[in-house]
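Student: For reference, the chains in residue letters:
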Amino acid sequence: MLSKRIIPCLDVRNGKLTKGVKFQGNVDIGDPVETARRYYEEGADEIVFYDITASAEERGIFLDVVERVAEAIAIPFSVGGGIASVADMRAVLVAGAEKVSINSAAVKTPELISNGAEAFGSQAIVVGMDVKQVPPTAAIPSGYEIVIHGGRTHMGIDAIAWAKRCEELGAGELCVNSIDADGTKAGYELTLTRTIADGVRIPVIASGGAGSPQHMYEALTQGHASAALIASIVHYGEYTIPVIKEYLAGKGCKVRPVTG
Amino acid sequence: MIAILDYEAGNQTSVRRALEGLGIPAAITRNPEELGAATGVIFPGVGAAGQAMGMLQRTGMDAVLRTLIADGKPLLGVCLGCQIMLERSEENNTPTLGIEKGICRRFDPALKDEEGQPIIIPHMGWNSLQAKQKSTLLEGIHPAAEFYFVHSYYTEPAPELVIATTTHGVEFCSIYGREGFWAVQFHPEKSGAAGLRLLRNFYTYTETR
Numbered sequence: 109m110l111s112k113r114i115i116p117c118l119d120v121r122n123g124k125l126t127k128g129v130k131f132q133g134n135v136d137i138g139d140p141v142e143t144a145r146r147y148y149e150e151g152a153d154e155i156v157f158y159d160i161t162a163s164a165e166e167r168g169i170f171l172d173v174v175e176r177v178a179e180a181i182a183i184p185f186s187v188g189g190g191i192a193s194v195a196d197m198r199a200v201l202v203a204g205a206e207k208v209s210i211n212s213a214a215v216k217t218p219e220l221i222s223n224g225a226e227a228f229g230s231q232a233i234v235v236g237m238d239v240k241q242v243p244p245t246a247a248i249p250s251g252y253e254i255v256i257h258g259g260r261t262h263m264g265i266d267a268i269a270w271a272k273r274c275e276e277l278g279a280g281e282l283c284v285n286s287i288d289a290d291g292t293k294a295g296y297e298l299t300l301t302r303t304i305a306d307g308v309r310i311p312v313i314a315s316g317g318a319g320s321p322q323h324m325y326e327a328l329t330q331g332h333a334s335a336a337l338i339a340s341i342v343h344y345g346e347y348t349i350p351v352i353k354e355y356l357a358g359k360g361c362k363v364r365p366v367t368g
Numbered sequence: 086m087i088a089i090l091d092y093e094a095g096n097q098t099s100v101r102r103a104l105e106g107l108g109i110p111a112a113i114t115r116n117p118e119e120l121g122a123a124t125g126v127i128f129p130g131v132g133a134a135g136q137a138m139g140m141l142q143r144t145g146m147d148a149v150l151r152t153l154i155a156d157g158k159p160l161l162g163v164c165l166g167c168q169i170m171l172e173r174s175e176e177n178n179t180p181t182l183g184i185e186k187g188i189c190r191r192f193d194p195a196l197k198d199e200e201g202q203p204i205i206i207p208h209m210g211w212n213s214l215q216a217k218q219k220s221t222l223l224e225g226i227h228p229a230a231e232f233y234f235v236h237s238y239y240t241e242p243a244p245e246l247v248i249a250t251t252t253h254g255v256e257f258c259s260i261y262g263r264e265g266f267w268a269v270q271f272h273p274e275k276s277g278a279a280g281l282r283l284l285r286n287f288y289t290y291t292e293t294r
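Going line by line, the protein sequences match chains H and E.
Note that the first sequence covers residues 109 to 368 in the working numbering.
Note that the second sequence covers residues 86 to 294 in the working numbering.
Chain H extracted, bound-state conformation (with noise of 0.2 Å):
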């Protein structure tokens, strides 16, 4: 039977480590390549890196990033951020990625999806979804809205329909953030992560909101997912993964053993 995936997220700029501190813009807090490898030491399942600067010149530091990660770490990675065509799903790819993330590109052209998994196979194309509650109308019968740009900017698309869709075009994986939680440290949005969970055949990531192993535990149960994302309960150290796989295979959720 599968293990459930804990995956540590890490947002990269300028080549670093960095976090978004409200209104203070970015912080740097340190070197992702030596990150991802204490990260990969202590039992990550997977990890995410996001560009998210991703303009054209600091393209070549992100990649070169990307290749100094892939010779440290002997587990899948995944690179997102400014991933707009199939020559930059290569790229990344080249450089030691297993898989490519794309998101708002993806909204605008859909076609990105079916183009890279013919490119690269399924396995290789996650979408993430940025999402957010609204209130239900025919166009968002589910209450959940696809939005880009931080969720400055709505999308009129459903985010279940959306899901399905993604699956169609030859998704390998999906990443469901709610803009709702993301930073709260609440918990997952555990009724939005099942409805697509439940929704299609592909793995589903749960993302925002987690503040604790339990809300792990809840999205990896309640909410079907396959993965949990983790981003700022980890980087300061608040929990580590050890702890984190030992509460959860402690509750009876199969995870892979940290040693061995």
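None of these hints come from the bench; they were simulated from the model.
Fair warning: there could be bad hints in the mix.
[Said to hold, decoys possible] Below, a list of computed lysine to aspartate or glutamate pairs in the DMTMM-like style, where the Cα atoms sit at most 25 Å apart:
{"hint": "1", "chain 1": "H", "residue 1": "K359", "chain 2": "H", "residue 2": "E326"}
{"hint": "2", "chain 1": "E", "residue 1": "K197", "chain 2": "H", "residue 2": "E276"}
{"hint": "3", "chain 1": "E", "residue 1": "K197", "chain 2": "H", "residue 2": "E275"}
{"hint": "4", "chain 1": "H", "residue 1": "K362", "chain 2": "E", "residue 2": "E199"}
{"hint": "5", "chain 1": "E", "residue 1": "K197", "chain 2": "H", "residue 2": "D306"}
{"hint": "6", "chain 1": "H", "residue 1": "K362", "chain 2": "E", "residue 2": "D198"}
{"hint": "7", "chain 1": "H", "residue 1": "K127", "chain 2": "H", "residue 2": "E175"}
{"hint": "8", "chain 1": "E", "residue 1": "K186", "chain 2": "E", "residue 2": "E176"}
{"hint": "9", "chain 1": "E", "residue 1": "K219", "chain 2": "E", "residue 2": "E200"}
{"hint": "10", "chain 1": "H", "residue 1": "K124", "chain 2": "H", "residue 2": "D172"}
{"hint": "11", "chain 1": "E", "residue 1": "K197", "chain 2": "H", "residue 2": "E326"}
{"hint": "12", "chain 1": "H", "residue 1": "K359", "chain 2": "E", "residue 2": "D156"}
{"hint": "13", "chain 1": "H", "residue 1": "K359", "chain 2": "E", "residue 2": "D198"}
{"hint": "14", "chain 1": "H", "residue 1": "K216", "chain 2": "H", "residue 2": "E175"}
{"hint": "15", "chain 1": "H", "residue 1": "K362", "chain 2": "E", "residue 2": "D147"}
{"hint": "16", "chain 1": "H", "residue 1": "K272", "chain 2": "E", "residue 2": "D198"}
{"hint": "17", "chain 1": "H", "residue 1": "K362", "chain 2": "E", "residue 2": "E172"}
{"hint": "18", "chain 1": "E", "residue 1": "K197", "chain 2": "E", "residue 2": "E176"}
{"hint": "19", "chain 1": "H", "residue 1": "K362", "chain 2": "E", "residue 2": "E200"}
{"hint": "20", "chain 1": "H", "residue 1": "K272", "chain 2": "E", "residue 2": "E200"}
{"hint": "21", "chain 1": "H", "residue 1": "K272", "chain 2": "E", "residue 2": "D193"}
{"hint": "22", "chain 1": "E", "residue 1": "K217", "chain 2": "E", "residue 2": "E256"}
{"hint": "23", "chain 1": "H", "residue 1": "K359", "chain 2": "E", "residue 2": "E200"}
{"hint": "24", "chain 1": "H", "residue 1": "K240", "chain 2": "H", "residue 2": "E275"}
[What the hints assert, rightly or not] Here are the simulated distance ranges between beta carbons:
{"hint": "25", "chain 1": "E", "residue 1": "D156", "chain 2": "H", "residue 2": "N134", "range": "56 to 64 Å"}
{"hint": "26", "chain 1": "H", "residue 1": "A269", "chain 2": "E", "residue 2": "R191", "range": "24 to 32 Å"}
{"hint": "27", "chain 1": "E", "residue 1": "Q202", "chain 2": "H", "residue 2": "H262", "range": "27 to 35 Å"}
{"hint": "28", "chain 1": "H", "residue 1": "G345", "chain 2": "E", "residue 2": "Q218", "range": "39 to 47 Å"}
{"hint": "29", "chain 1": "H", "residue 1": "R309", "chain 2": "E", "residue 2": "E175", "range": "49 to 57 Å"}
{"hint": "30", "chain 1": "E", "residue 1": "D198", "chain 2": "H", "residue 2": "K293", "range": "25 to 33 Å"}
{"hint": "31", "chain 1": "E", "residue 1": "R191", "chain 2": "H", "residue 2": "A195", "range": "51 to 59 Å"}
{"hint": "32", "chain 1": "E", "residue 1": "E175", "chain 2": "H", "residue 2": "V194", "range": "23 to 31 Å"}
{"hint": "33", "chain 1": "H", "residue 1": "P365", "chain 2": "E", "residue 2": "R115", "range": "32 to 40 Å"}
{"hint": "34", "chain 1": "E", "residue 1": "N178", "chain 2": "H", "residue 2": "A195", "range": "45 to 53 Å"}
All C-beta atoms in this analysis are idealised placements derived from N, C-alpha and C, irrespective of residue type, glycine included.
The hints should help you fit chain E onto chain H, whose structure is shown.
Tutor: Frame of chain H; chain E shown alone:
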């Protein structure tokens, strides 16, 4: 030195990086002399069986691979490399290399997991092994260790060749072979410490046999 058979398989660079990280000399090559001089050969692979067979035939690597195996060169097939050493794949009913008897089947979408949920296809993620035979490849690896899988088809070789199985709606063969000739369905190059140990076990075998 370990040679990684070059037929432009997507994971060949990851395999080389993993070996280099272990301090094991490795080269990606399609030069028959270099392959012949290596102590062991890794046959990588990801993607579709038909495309991989086409690439092997175009590059002449199918014949080179047969010669290496006939000469008793230690070999490790990985993922698609594991699958296409059998006779046929259900993936577009593709005839494959036929080095061992057996076929490659698609996971039946009607299968259910242990919780009664329909299985996810591809089988992607970390899963454990049930050892059916003692093997040099698994020496020193904890029985509960997990490996990273990404595949929609699984191998069905002769039962006496099955070294380990894994369960994803169905119990399928995840390692087959015999001493010096092995095939693994998962990606040891992406399976953390356990996968690296398996690669080291293969290398040690090639150096000391």
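Student: Each hint should be assessed against the structure and marked as holding or not.
Tutor: Now the hints, each set against the structure:
A threshold of 25 Å between alpha carbons decides the hint, and for K359 (chain H) with E326 (chain H) the separation of about 11 Å falls inside it, so the pair holds. Distance hint between K197 (chain E) and E276 (chain H) is fulfilled; the C-alpha atoms sit about 21 Å from each other, no more than 25 Å. Note on K197 (chain E) and E275 (chain H): the hinted pairing holds, with a Cα-Cα distance of about 20 Å set against a maximum of 25 Å. Proposed proximity of K362 (chain H) and E199 (chain E) is supported: the alpha carbons are some 11 Å apart, at most 25 Å.
Straight-line distance between C-alpha atoms of K197 (chain E) and D306 (chain H) comes to about 14 Å, which keeps the hinted pair within the 25 Å bound. For the hint pairing K362 (chain H) with D198 (chain E), the CA-to-CA distance comes to about 13 Å; that is within 25 Å, so the pair holds. The hinted pair formed by K127 (chain H) and E175 (chain H) meets the criterion: a straight-line CA distance of about 22 Å does not exceed 25 Å. A threshold of 25 Å between alpha carbons decides the hint, and for K186 (chain E) with E176 (chain E) the separation of about 17 Å falls inside it, so the pair holds.
With a C-alpha separation of about 30 Å, the suggested pairing of K219 (chain E) with E200 (chain E) is violated against the 25 Å cut-off. At roughly 12 Å between alpha-carbon atoms, K124 (chain H) and D172 (chain H) fall within 25 Å of each other, so this suggested pair holds. Note on K197 (chain E) and E326 (chain H): the hinted pairing holds, with a Cα-Cα distance of about 22 Å set against a maximum of 25 Å. Of the pairs offered as hints, the one joining K359 (chain H) and D156 (chain E) is violated, with about 52 Å between alpha carbons and a cut-off of 25 Å exceeded.
Of the supplied pair hints, the one linking K359 (chain H) and D198 (chain E) holds, its CA atoms being roughly 19 Å apart against a limit of 25 Å. Distance check on the hinted pair: K216 (chain H) and E175 (chain H) sit about 29 Å apart at the alpha-carbon level, beyond 25 Å; violated. The hinted pair formed by K362 (chain H) and D147 (chain E) fails the criterion: a straight-line CA distance of about 40 Å is larger than 25 Å. A threshold of 25 Å between alpha carbons decides the hint, and for K272 (chain H) with D198 (chain E) the separation of about 22 Å falls inside it, so the pair holds.
Between K362 (chain H) and E172 (chain E) the alpha-carbon distance is near 35 Å, which puts this suggested pair outside the 25 Å criterion. As the CA atoms of K197 (chain E) and E176 (chain E) are separated by approximately 21 Å, the hinted pair is consistent with the 25 Å bound. The suggested pairing of K362 (chain H) with E200 (chain E) holds, with an alpha-carbon distance near 12 Å, which does not exceed 25 Å. Our distance criterion of 25 Å between C-alpha atoms is met by K272 (chain H) and E200 (chain E), whose separation comes to about 23 Å.
In summary, the hint linking K272 (chain H) to D193 (chain E) is supported, as the alpha carbons are separated by about 21 Å, within the 25 Å threshold. A C-alpha spacing of about 12 Å is found between K217 (chain E) and E256 (chain E), which places the hinted pair at or below 25 Å, so the restraint holds. Proximity of K359 (chain H) to E200 (chain E) is assessed by CA-CA distance (about 16 Å); at most 25 Å being required, the pair is judged to hold. With a CA separation close to 20 Å, the supplied pair K240 (chain H) and E275 (chain H) stays within the 25 Å bound.
For D156 (chain E) and N134 (chain H), the hinted distance range of 56 to 64 Å is satisfied, since their beta carbons lie about 58 Å from each other. Taken as a hint, the range 24 to 32 Å holds for the pair A269 (chain H) and R191 (chain E), whose Cβ atoms sit roughly 28 Å apart. Between Q202 (chain E) and H262 (chain H) the beta carbons are some 33 Å apart, a value that agrees with the proposed interval 27 to 35 Å. In this structure, G345 (chain H) and Q218 (chain E) meet the distance hint of 39 to 47 Å, their C-beta atoms being roughly 44 Å apart.
Checked against the hint of 49 to 57 Å, the C-beta distance between R309 (chain H) and E175 (chain E) comes to roughly 19 Å, which is inconsistent with it. Look at D198 (chain E) against K293 (chain H): about 31 Å separates their beta carbons, and that is inside 25 to 33 Å. The given range of 51 to 59 Å is broken by R191 (chain E) and A195 (chain H), whose C-beta atoms sit roughly 32 Å from each other. Checking the proposed 23 to 31 Å range against E175 (chain E) and V194 (chain H) shows it holds: the Cβ atoms sit about 28 Å from each other.
As the Cβ distance of P365 (chain H) to R115 (chain E) is approximately 38 Å, the hint placing it in 32 to 40 Å holds. N178 (chain E) and A195 (chain H) have their C-beta atoms about 33 Å apart, which leaves the hinted 45 to 53 Å range violated.
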